[in-house]
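Taken in order, these protein sequences are the chains called D and R. Position 115, counted from 1, in the first sequence is what my numbering calls 115; the numbers after and before it change by one each time, with no gaps. Position 350, counted from 1, in the second sequence is what my numbering calls 469; the numbers after and before it change by one each time, with no gaps.
To be clear, the hints were calculated from the coordinates, so they are not data collected in a lab. Note that CB positions come from ideal geometry on N, CA and C, so glycine has one too. There's no promise every hint is true.
[Unchecked claim] Partial pick of chain R residues on the chain D-facing surface, computed with a CB cut under 8 Å:
1) PRO127
2) GLU135
3) ARG166
4) GLY173
5) SER174
6) GLN644
[Claimed, not checked] Calculated cross-link-like contacts (lysine to any residue; reagent style SDA-like; alpha-carbon spacing at most 20 Å):
7) R/LYS312 - D/MET20
8) R/LYS229 - R/VAL218
9) D/LYS116 - R/PHE292
10) D/LYS116 - R/GLY296
11) R/LYS364 - D/ILE117
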Amino acid sequence: MKRVLIVDDAAFIRLALRNMLEKNGFDVVAEAENGAIAIQKFKEYQPDLVTMDITMPEVDGIGALKAIKTIDRNAKVVMVSAMGQESHVKEAVINGASYFLVKPFKEEQVISTLTKILG
Amino acid sequence: MAGLVHEPMLEMFIFETTQLVGQLEQLILESEQEDCFSRSAIDEIFRIMHTIKGSSAMMLVNEVSSLAHAVEDVFYFLREFPDVKLECASLSDLILSTVDFIKSELEQIKSGNQPVGSAEMLLQQLKAFLTHLKETNKIVGAKPHKEKKQQYYVPQSKAQAQPAARSFKASVFFEEGCEMENIRAFTIIHNLKAFAEEIYHFPEDIIEDDSSAEIIRDSGFHIACTTNCEYSEMQAFFQDTIFLKNFDLQEISDISEFKSSQTRKIEIILEDTPDTSVLTKKEDRVQEEKSSTQQSIISVSVTKLDKLMDLVGELVISEAMVTQNPDLQGLALNNFSKAARQLRKITGELQDTVMSIRMVPLSNTFQKMHRVVRDMSKKLNKEIKLELLGEETEVDKNIIENISDPLMHIIRNAIDHGVETSQDRLAAGKMAYGKVLLEARNVGSEVLVIVKDDGRGLDKTKILEKAKRNNLVYKPENELTDQEIYAFILSPGFSTKDQVTEFSGRGVGMDVVAKNINSIGGTLQINSTPGQGTTITLKIPLTLAIIDGMTIGVGSARYTIPTISIKQSFRAAPQSVFQDVDGNEMILIRGKCYPILRLHKYFGVKTEVQEISEGILVVVENENRSVVLFADALIGEQQVVVKSLPNYFKIFPKVDGLAGCTLLGDGSISLILDVVGLMRFGYSA
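Looking at chain R on its own, in the form it has when it is part of the complex (with noise of 0.2 Å):
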């Protein structure tokens, strides 16, 4: 790419390009909807490919903009003729694989390759399209340009001048590719009327006609005119004049020789200068609404906001290391207190500022789900109805980061597993068009996003006969409730459908959707109705960056558990605690029978704490799992910054329980525990 492009204006272009992209793809699918395109819409796909050729052509990702030159084309001429015939389908097709060849090339630029894509096919579809558009249409190469005589105006005053004194005659010639040469020579004339009167020109059409800009590349422009002014007031002239070359300069006795070898004269018509105070009241009115609703908005880099949230998570530790000092324990401070509450107030308040600025709405997200399930219904020729709800809903930008791609997955899973053919669904009584919901909202400290489809819902004998084949299951058959069957098909490997479609069906899908919604601490859910269809939930954190722990002390060492996965923690009576056949201790609560797990024995950390009865149990759950943990004391709750674990820590084998680390208020170090890790550990042992 070129010497001038820089970091801060690559990481500009593939931010603004994305979202322009987005636009357009939201648009393509909303017309689709509206079974064509609008004229509002016509003009907003046309402003964007302007857009994107232009800063393209800057980046020099020549292929981009050649590309987005080709629609503007189609746009252009659909601007033009707003009552042409139209295949909106084929058009919809085109654009879009434009919009992912974009797409792919940005991704390209943004991991630092050149990008190599071609575009040669997509444009040659295009410019096919626009000539059949044309020919079918019955209008060929021209405009619909009313013809209009080249006008000028000139001020009465002037026109009526004495005869000019002196008369000229001038070539120029311009720099090498600064392109519309043509354009440059009429801001020339433009400029001479100023104070010259005949003025000819060779060639004469500089406007209508594209193909005078190569004229004057290659042979010139030149010029003749009468004028009051000196030789050097007009060279003066010719020297101001951006992007010349060189020029020619004589002064000549006679004008009408030039005249009667090049060319004719141009028409002047006496009139004053065009009325445009109407248009220009209009548009202070245009302004005047805009700047009341005007918001005054900045963009920020996000690695800037990465950098405020860690110093704020500093913050809440430092501010935890003063009023929780050891070296204040058992004085009494009353002022100092009072301070402390103050300070404790205001990083609440900063640390929840700053975590707003955050958070981005799902819209985003959700929207991009509309063109999965247009493509996915195209290819399996089912229809389907995408219906959001809640896309305001706001979560932390790393977290929207991590479920999109676990959405289109479960998304297309729906489609494709789910929802049945329109002759299976009216034999069912069902409608003929199936529905996916995809809902967000709100609860407490978290978000839940639903996918919910009212497709044939999952086949529970098949899952646990495959579960079986498997060696999945983990305790008697009639012991399992639904949503443990339901929970098989998160394993790896697990698929019951036979046949391997394009989208889904590699039996890779739903293990991977598990382990990254839960990489960012949330949880997966699912329900199902046999021939009503199944509900999936994905339970998230608002935020990953700093989370309500309870920690506990184990030996010398202070671990985090999550509050949000702990049950109950108690003291249990030494009888309480039995063995099972492989001699895994195991708790009955309530009835029911869970393991149970040594954090000393699991890390390796020396304690004085063996007896069951001396220490406290931690229940804690996921996915309607839960394993009981036995820790030697609760130390206390609070808020903790988390901090992803160090490289080298991860040579150790026992990792698998750890999430991450934090600091506490007393400068030590405490490890955060990943509950579904120890969890894994929990059932295999």
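Next comes chain D alone, as it looks inside the complex (with noise of 0.2 Å):
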């Protein structure tokens, strides 16, 4: 079973993310409601990949993603993002995010998204 953090400061979209992926058989090791607890999570449970909110307080999305690409380089996450935020998506990319995800998403979009990342 693959192993999924979420990353989102809105408890609803953590729960949302959470009960599509559950029942598609992925496996929701934690959430982080911030950028700074991500990372620490991170750590801590290893995880196969990230979904990663960009608008968050502490550290937002892209602190995150740069600093959990710095402890693993193959680390894959997934930013979540909303319309509107085109140039952080792009920052992202080329911070080494895998995908991403547009709010509000289906749950046929998510998982196919984050099976094809997995391989």
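Work from the hints to combine the two standalone chains into their complex.
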């Protein structure tokens, strides 16, 4: 089972993602509500994949992405963005994000994206 | 709403959005106090709106989502241009209207309806505000982006490699409705760089130019590159691309054809990956600081807590049933008593712990009043300062829900009727602005919530006149204390204000307030000094679920009186009881006269004890009024778990005097008396 860390400051989005992932056979090992906690949880759990929100307090998604990529160059991080955040997504891709989702996302989209990335 | 949405998600959505909206409201009000929005407030409002936008889009609550988006846009602009001139007051008004709209939509969703409100007006206003903001500050359209050339970082080694062997041309189409096509195209180019050398694409500007997304959606994204890869490898690369509807890949002989026909080369700047070590170090530190202060908190649904509370209640009853079991009477059970004491201790601790879990600080409820005061003082053109004291005081969650509305009403009354206009205040030698103090503090097993204003105070003569007109006066005028006179304003249909305003004065106010407070076992007291202000004190229990009660017996029935209402109990001498002109029984206690209420008569219970001197008299008190209950005997004091009366009970006419029921240690049922209800009877009789 693929192990996933969900990072989002909105508990609702975390729950939505968790439901979609668990229904489709992913193992959600941890959640984090900001970038700083995300980095810590990443070290602790070493998940196969991270879903990363962009706008968050403390350390934002881009900051956490950069930190995670320095911890593990091969870490797979999928950004969770919303319309209007094109430039942030671009920055994330340059900094090693595997791909991105756009809110509001559908279950099929999430699952097919994550499955492809995990190969 | 969408099919994928189920209960817990809906609950979470409502819970989180309600919280965020509350925070937002608070931020706006604070910002108003400080005259304008601070940097950090702008950041936070932006973040809150961003979250609401995302969540409500997921829930398909589109009006809220687009409204949140519009506000987000305004604050995005403010973030980018911190120095713009801004009409803070009108922005505050706009955001607060947004808050109200979102709140009402949430209410709709909560009650199971489709949200139906239209945010069109607000959306227009927000857009107009943003345009106006841009115009007055002479910033049209463009973002303040530094004109930065597109830069790509490729390792030096790769750039110096041998000229590539093959050239390919590809056209790709993305799935419909996947959004951000330009960024998806950018991802392809970015990933392609790992093994391709010269890359050309059309449209060229896929980042800064948002219209490129549309071009790609309509006519596809076209790429040409040189690489050492085989055709099959290239094919695999495109096949793995996410959200790709279809693609067309061809090997071409000369890449310059594509180049000349469509595009120019992307500039490739030779440079190694940017140094991120400094950043990382900083983040490490942030994270360490965070981990030391981070609390492990989980959220639990209230239904589970209610269930837990119920179970603890049952446990308390069962414990009493075991340790006070009639079978054990008269037996010498040393070891059993020891074990029973231990059990008693543990259930007690468990009960305290569960109770403390349900305790929530009053701060949220108190903070809400800022908004009430703000709206009122704007509408009525009075200057009011609201002071909060003891917001951290905690009470049971159920109680919080029940005092919010009464508090709001009391504060509205205080501002509307109590506090004078600035001119009147200055003429009376007071400060121009009125003060309303909202205070909470713990007193024993109760909490006092005090609302104090420094307005004109209550008009005793006016109240008394009105009370007489409404036939409310129950004893000679000169015997009424000030408090008893003030308490008249708690009667139904009582209002001395001749003019009805939008906020209060409809005369349905204070009696409802008093009823709500009574329904949670609380009391309300009014004090006032003419010209100096009015103080309303709410005395509310910490919890509703378990109370200290005195169990009394009437015939074969058992009743429980909440211990806090009991003033005294005694056995009366037969000669101290007399009758008034209407034949009602009265008793004289320390020079004061009290009506006697025979419980066996009131509830229609058969009992041997008919003589006052054979039974016991219990004096109960509420809001400075007392009545004397007559029962057979006191049975004992114990903690009881309050259960509500079953519905079929309510068809009986005398249910007025009952607040609920409970189970006693011996398994029998005891009815809990509603002292306020009995009082009404005692005085009308």
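Hint by hint, here is what the structure shows:
1. For the restraint placing R/PRO127 at the interface with chain D, the shortest Cβ-Cβ distance is roughly 7 Å, inside the 8 Å limit, so the hint holds.
2. Here the hint on R/GLU135 is kept, as its CB sits about 5 Å from the closest CB of chain D, short of 8 Å.
3. The interface hint given for R/ARG166 holds, since its Cβ lies 6 Å from the closest Cβ of chain D, which is under the 8 Å cut-off.
4. Because the closest C-beta pair between R/GLY173 and chain D is about 4 Å apart, less than 8 Å, the hint holds.
5. For the restraint placing R/SER174 at the interface with chain D, the shortest Cβ-Cβ distance is roughly 4 Å, inside the 8 Å limit, so the hint holds.
6. With a cut of 8 Å, the hint placing R/GLN644 at the interface with chain D is violated, because the nearest CB-to-CB distance is about 41 Å.
7. For the suggested pair R/LYS312 and D/MET20, the alpha carbons sit about 33 Å apart, so the restraint of at most 20 Å is broken.
8. For the given pair, R/LYS229 sits about 16 Å from R/VAL218 by alpha-carbon distance, which is consistent with the 20 Å threshold.
9. Between D/LYS116 and R/PHE292 the alpha-carbon distance is near 18 Å, which keeps this suggested pair within the 20 Å criterion.
10. A C-alpha spacing of about 19 Å is found between D/LYS116 and R/GLY296, which places the hinted pair at or below 20 Å, so the restraint holds.
11. Between the alpha carbons of R/LYS364 and D/ILE117 the distance comes to roughly 17 Å, so the proposed pair stays at or under 20 Å and holds.
Consistency note: the structure conflicts with the earlier hints numbered 6, 7.
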